[in-house]
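Input sequences plus hints: build the corresponding full structure.
Same order as they appear, the protein sequences are chains A and B. For reference, each letter of the first sequence is one residue, going 1 to 114 in the working numbering. For reference, each letter of the second sequence is one residue, going 115 to 225 in the working numbering.
Don't read these hints as lab results, they were simulated from the structure. Every residue gets a Cβ at the ideal spot worked out from N, C-alpha and C, and that includes glycine. There could be a bad hint or two in this list.
[To be verified] Distance condition first, Cα-Cα at most 35 Å in a straight line; then the derived DSBU-like pairs of lysine-lysine: (1) B:K123 / A:K57; (2) B:K179 / A:K57; (3) B:K187 / B:K136.
[Unchecked claim] Sample of chain A residues lacking proximity to chain B, with all beta carbon distances greater than 12 Å (derived): (4) R15; (5) S24; (6) D85; (7) A92; (8) A98; (9) G106; (10) T112; (11) V113; (12) T114.
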Amino acid sequence: KAGVTQTPRYLIKTRGQQVTLSCSPISGHRSVSWYQQTPGQGLQFLFEYFSETQRNKGNFPGRFSGRQFSNSRSEMNVSTLELGDSALYLCASSFFGAEGYEQYFGPGTRLTVT
Amino acid sequence: AQRVTQPEKLLSVFKGAPVELKCNYSYSGSPELFWYVQYSRQRLQLLLRHISRESIKGFTADLNKGETSFHLKKPFAQEEDSAMYYCALSGPEHQGGKLIFGQGTELSVKP
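Right, here's the structure in full:
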């Protein structure tokens with residue numbers, strides 16, 4: 001099976017702009033989770049979508065939002081970008097198997113806000 | 115509060131030496147514990163999980179509920195083990211898609 005793919009891989013935006021990141025999960029996986037990775041804060045959970053519904057949410061401001069489509073593809077949107085939003089954004093798709101959930105990560109989108 | 119603590123940012127050992135990467139957690143309930151690894155220029159991948167109790171690439175980890183720890187061990191380190199290691203936990207099934215990560219430990223295995 002093809003792995004989790006994320007587009008674009010690199011992105012440069014200006015403060016105040018908005019950005020949309022895309023994630024295509026592994027075929028058959030219905031859950032998609034998003035994480036922000038920075039040198040200072042490490043890996044932080046943003047939100048999870050399951051069957052087009054947000055099932056879990058982390059402690060991020062409302063500027064961070066997401067959605068999931070019927071084919072399980074997911075998008076993440078950040079409005080009014082701030083310099084501190086510069087990070088690697090990881091997407092993970094998961095399924096519930098015999099031993100519980102197993103998450104598979106994409107390569108990430110590197111967002112730089114100037 | 116849910117929290118994962120990895121006290122060492124960097125662990126440097128020589129090839130053939132034993133390795134122990136520490137992980138402590140705080141969680142009210144019965145979490146699932148994982149170790150993820152990220153090799154240079156590769157994506158984050160699952161190394162092992164406490165529920166399967168198996169050894170992957172010579173690594174093992176035992177969940178100690180009394181000490182709320184899930185330390186990762188390998189008796190003889192190899193150079194190819196050099197990578198970033200993250201300990202993570204998740205809650206019950208409906209929270210399975212939410213992982214709480216530690217800050218990570220960089221393992222450097224010297225020849």
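Structure-based check of each hint:
{"no.": "1", "hint": "B:K123 / A:K57", "result": "holds (27 Å)"}
{"no.": "2", "hint": "B:K179 / A:K57", "result": "holds (27 Å)"}
{"no.": "3", "hint": "B:K187 / B:K136", "result": "holds (9 Å)"}
{"no.": "4", "hint": "R15", "result": "holds (27 Å)"}
{"no.": "5", "hint": "S24", "result": "holds (14 Å)"}
{"no.": "6", "hint": "D85", "result": "holds (19 Å)"}
{"no.": "7", "hint": "A92", "result": "violated (8 Å)"}
{"no.": "8", "hint": "A98", "result": "violated (9 Å)"}
{"no.": "9", "hint": "G106", "result": "violated (7 Å)"}
{"no.": "10", "hint": "T112", "result": "holds (18 Å)"}
{"no.": "11", "hint": "V113", "result": "holds (23 Å)"}
{"no.": "12", "hint": "T114", "result": "holds (25 Å)"}
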